[in-house]
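**Student:** Protein chains in written order, with my numbering: chain A, 1 to 242; chain B, 1001 to 1049.
Quick caveat, the hints were computed from the structure, so don't treat them as lab data. There could be a bad hint or two in this list.
What the hints assert, rightly or not - Straight-line C-alpha distance at most 25 Å; calculated SDA-like pairs for lysine to any residue:
(1) A/Lys239 to B/Tyr1012
(2) B/Lys1025 to A/Leu241
(3) A/Lys235 to B/Leu1027
(4) A/Lys154 to B/Val1033
(5) B/Lys1031 to A/Glu150
(6) B/Lys1031 to A/Asn229
(7) A/Lys232 to B/Tyr1038
(8) B/Lys1032 to A/Asn10
(9) B/Lys1025 to A/Pro87
(10) A/Lys240 to B/Ile1022
(11) A/Lys174 to A/Lys232
(12) B/Lys1025 to A/Lys240
(13) B/Lys1025 to A/Phe214
(14) A/Lys154 to B/Ala1029
(15) A/Lys234 to B/Glu1043
(16) B/Lys1035 to A/Leu137
(17) A/Lys19 to B/Ile1037
(18) B/Lys1025 to A/Arg15
(19) B/Lys1025 to A/Lys174
(20) A/Lys154 to A/Leu137
(21) A/Lys239 to B/Cys1013
(22) B/Lys1025 to A/Ala144
(23) A/Lys240 to B/Lys1035
(24) A/Lys232 to B/Ile1006
(25) B/Lys1032 to A/Leu241
(26) B/Lys1031 to A/Phe30
(27) A/Lys240 to A/Tyr153
(28) A/Lys235 to A/Ile27
(29) B/Lys1032 to A/Leu137
(30) A/Lys19 to B/Ile1022
(31) A/Lys174 to A/Phe30
(32) A/Lys234 to B/Cys1013
(33) A/Lys19 to A/Ala9
(34) B/Lys1031 to A/Leu8
(35) A/Lys235 to B/Lys1025
Claimed, not checked - To be clear about the criterion: a stretch of chain A counts as covered by chain B if any three or more of its residues have a C-beta under 8 Å from a C-beta of chain B, and this derived list gives those stretches:
(36) 55-62
(37) 104-118
(38) 212-226
(39) 231-238
Backbone N, C-alpha and C define an ideal beta-carbon position, used for all residues, glycine too.
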Amino acid sequence: MKNIFNFLANPSRFRIFAKNVHPFSLIGMFIFIFIGLWFSLYNSPPDYQQGETVRIMYVHVPAAWMAMMVYLSMTIMSIFSLVWRHPLADILSKCSAPIGAMFTLIALVTGSIWGKPTWGTWWVWDARLTSVFILFLIYMGHIALVRAFEDEYKGARAGAILTLLGAFNLPIIKFSVDWWNTLHQPASVIKLDGPSIHIDMMVPLVLMAIGFLFFYFSFLLINVQTELNHRKLKKLFIKKLN
Amino acid sequence: MEDHLIFVYSAYCFTFFALFIIGVKSLLAFKKVNKDIYNFDIESNNKNI
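Modelling step: build the complete structure from the supplied sequences, incorporating the hints.
**Tutor:** What follows is the structure, given as structure tokens:
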């Protein structure tokens, strides 16, 4: 992984990589989300207890998975950044944060919409909901902190430290439903004794999750190129002034 | 149960609206910085002439 990182650390090489990979990523995103939507809304059964409201799961759960996965990738990037001082790791982490924050917001809002008909309330301060809300606040803090410094290096370092500190929240989110008595249901897909969800519901869930993963990858590539071009422009201005 | 469809559609509308917003924001920022670099190059070339 370190070799791939070193190879892509060169901005020109990264631009070539992004130019070649981006169309496939976009096509993958549209295909998986389109097929996922078809399965979610038309080709999956209603739940015997919840009825049609179970369909909210096909956007809520993949968004929650992505919120945690993006944060996990930011944590790995932060280690690369702090240990090897890798410039691409800083940029990847900085560009991932807004997408991760948006996925967290989607998970919170769709969860709230799902909560009203099933639990009878929009929000409850139980362990799972509160820990995901804290994840959202950490994302927002990271976005603000990285951009608060004039010196990009200092901003990236502060952001990396915040990300590593916030990483303690990830196991709390995952195991909150087991450690505490929560209104939120326990895990039914990612668990040690295998998924307990029916295959008809598993298919749209996985398709949407892959579609969201492609979405993240597509817009991460765009955001990284924007950041690289922004830094290039900054260097050109400084060169011009000198 | 049909009454609850409003919740389903609201969740889907919000999800894709949020993804659309972040996607458009990323694309606009990318276009803007490319345009700035292009304008900077033109400006520098004009001054060199």
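**Student:** Determine which of the earlier numbered hints do not hold for this structure and return their numbers in increasing order.
**Tutor:** 1, 2, 10, 11, 12, 16, 19, 21, 24, 28, 29, 31, 32
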